[in-house]
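Engineer: So for the sequence shown, the working numbering puts the first residue at 2; every next one is plus one.
A portion of the hints provided could be inaccurate.
Here are the computed lysine-lysine pairs in the BS3-like style, where the Cα-Cα straight-line distance is at most 25 Å [to be verified]:
#	residue 1	residue 2
1	K252	K175
2	K196	K252
3	K196	K175
If you anchor each label on the Cβ, the simulated ranges turn out as follows [said to hold, decoys possible]:
#	residue 1	residue 2	range
4	M129	E48	34 to 42 Å
5	A242	L53	18 to 26 Å
6	N272	D249	32 to 40 Å
7	S141	S237	27 to 35 Å
8	G108	N203	19 to 27 Å
9	H250	A54	37 to 45 Å
10	L26	E239	42 to 50 Å
11	E239	W197	27 to 35 Å
12	G113	S254	14 to 22 Å
13	L53	S145	23 to 31 Å
Hints listed in this document are in silico derivations from the structure and should not be mistaken for laboratory results. C-beta: ideal position from N, C-alpha, C; glycine also.
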Amino acid sequence: MTKIETLPETDSFKQRHHDAAWAVLERFASGLADKARHQGNAISAEEIEKSLAILRGQPRLFDDAWTAVKAEISAANTRRNPSIRNDPFGRLLVSRFAHLLAGREAGDLEHGALSRDMLQPFFHAIRMMVGADTIEQIDSEIRSIVETHADEDDDMRDATDYWDHLAENPLVSKQITMVFVRMAMHFADYEKRKKWFIQLVNDNMHRNGTQWEFTENHFIKLVHALFRDVRAILASPERSALLAAEIDHDKVSVLRTVMANIDRDIAALHNREAATWQD
Numbered sequence: 002m003t004k005i006e007t008l009p010e011t012d013s014f015k016q017r018h019h020d021a022a023w024a025v026l027e028r029f030a031s032g033l034a035d036k037a038r039h040q041g042n043a044i045s046a047e048e049i050e051k052s053l054a055i056l057r058g059q060p061r062l063f064d065d066a067w068t069a070v071k072a073e074i075s076a077a078n079t080r081r082n083p084s085i086r087n088d089p090f091g092r093l094l095v096s097r098f099a100h101l102l103a104g105r106e107a108g109d110l111e112h113g114a115l116s117r118d119m120l121q122p123f124f125h126a127i128r129m130m131v132g133a134d135t136i137e138q139i140d141s142e143i144r145s146i147v148e149t150h151a152d153e154d155d156d157m158r159d160a161t162d163y164w165d166h167l168a169e170n171p172l173v174s175k176q177i178t179m180v181f182v183r184m185a186m187h188f189a190d191y192e193k194r195k196k197w198f199i200q201l202v203n204d205n206m207h208r209n210g211t212q213w214e215f216t217e218n219h220f221i222k223l224v225h226a227l228f229r230d231v232r233a234i235l236a237s238p239e240r241s242a243l244l245a246a247e248i249d250h251d252k253v254s255v256l257r258t259v260m261a262n263i264d265r266d267i268a269a270l271h272n273r274e275a276a277t278w279q280d
């Protein structure tokens, strides 16, 4: 089966890298085409190799692509370094599943709580699925709202009730919900994406000396908590109609299927846990 390449979204990091790479290929192809036109539409393998050698001798040929890569690395590091406490967007994302983290309602790691070591891989997964440019735009808009509603020395900025208040802001709530809508769309092939997500988290965790692993059970609890707002939208005819008008009906159908898969998983998990308690 021929694999059909999906074009990257406009103005994304992938699109910039895509454009830079194609600019190089087009330059190479244009040079070969000019040579062929001057030689009766015939060109030898030796001439192709010579043309490639000429390109290899241009030290600034890949500057555009490298600039795009460096910009993405810088953006990723910027998000990695600040603590969650000083990152409004990050705190709002984590607020959806904070109760699952060790030391909160979920208890300790031995009883199924999430280690905080999985937070950075989680953000990495979000960026991969939603897109770096989209994340940066939403992050900037949320920071603007924070600056509008609180001074730098406002004690409420780091208080739990402040973040609860911020999450209820209609503009903030919609932005965060749409992040999870976009993320959920990537779970259309649910089992495949589940395995990918679990492996990505485990492969990118800095365990700080612990041997904790992010398991399928952790994943099920995490996505069930993450997508609660998406589930609420789909349960409301009015809200689901508005969402369909924004992202189209087919995508809403995909979301319903994803939520059904998660509901199936969470029900099976609860049955396993109940059986364990009975034993």
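Engineer: K252 and K175 were given as a pair; does the straight-line alpha-carbon distance stay at or below 25 Å?
Structural biologist: holds (17 Å)
Engineer: Look at the Cβ atoms of G108 and N203 and judge whether their distance stays inside 19 to 27 Å.
Structural biologist: At roughly 21 Å between Cβ atoms, N203 and G108 fall inside 19 to 27 Å, so the hint holds.
Engineer: Does the hinted range 14 to 22 Å hold for G113 and S254 at CB?
Structural biologist: violated (32 Å)
Engineer: At the C-beta level, are H250 and A54 separated by a distance inside 37 to 45 Å?
Structural biologist: violated (53 Å)
Engineer: So does E239 sit 27 to 35 Å from W197, Cβ to Cβ?
Structural biologist: Roughly 34 Å apart at Cβ, these two residues keep to the hinted range, so it holds.
Engineer: Falls inside 18 to 26 Å, the C-beta gap from A242 to L53?
Structural biologist: violated (55 Å)
Engineer: Taking only the CA atoms, is the gap from K196 to K175 under or equal to 25 Å?
Structural biologist: violated (28 Å)
Engineer: Okay, M129 versus E48 on CB: inside 34 to 42 Å?
Structural biologist: holds (41 Å)
Engineer: With the threshold set at 25 Å, check whether the alpha-carbon distance from K196 to K252 stays at or below it.
Structural biologist: holds (22 Å)
Engineer: Would you say the C-beta atoms of L26 and E239 sit inside 42 to 50 Å of each other?
Structural biologist: Given range 42 to 50 Å: holds, Cβ gap about 49 Å.
Engineer: Per the hint of 32 to 40 Å, is the separation of the Cβ atoms of N272 and D249 within bounds?
Structural biologist: holds (35 Å)
Engineer: If you check the beta carbons of L53 and S145, does the distance land in 23 to 31 Å?
Structural biologist: With a Cβ separation near 48 Å, L53 and S145 fall outside 23 to 31 Å, so the hint is violated.
Comparing the model with each numbered hint stated earlier shows that hints 3, 5, 9, 12 and 13 do not hold.
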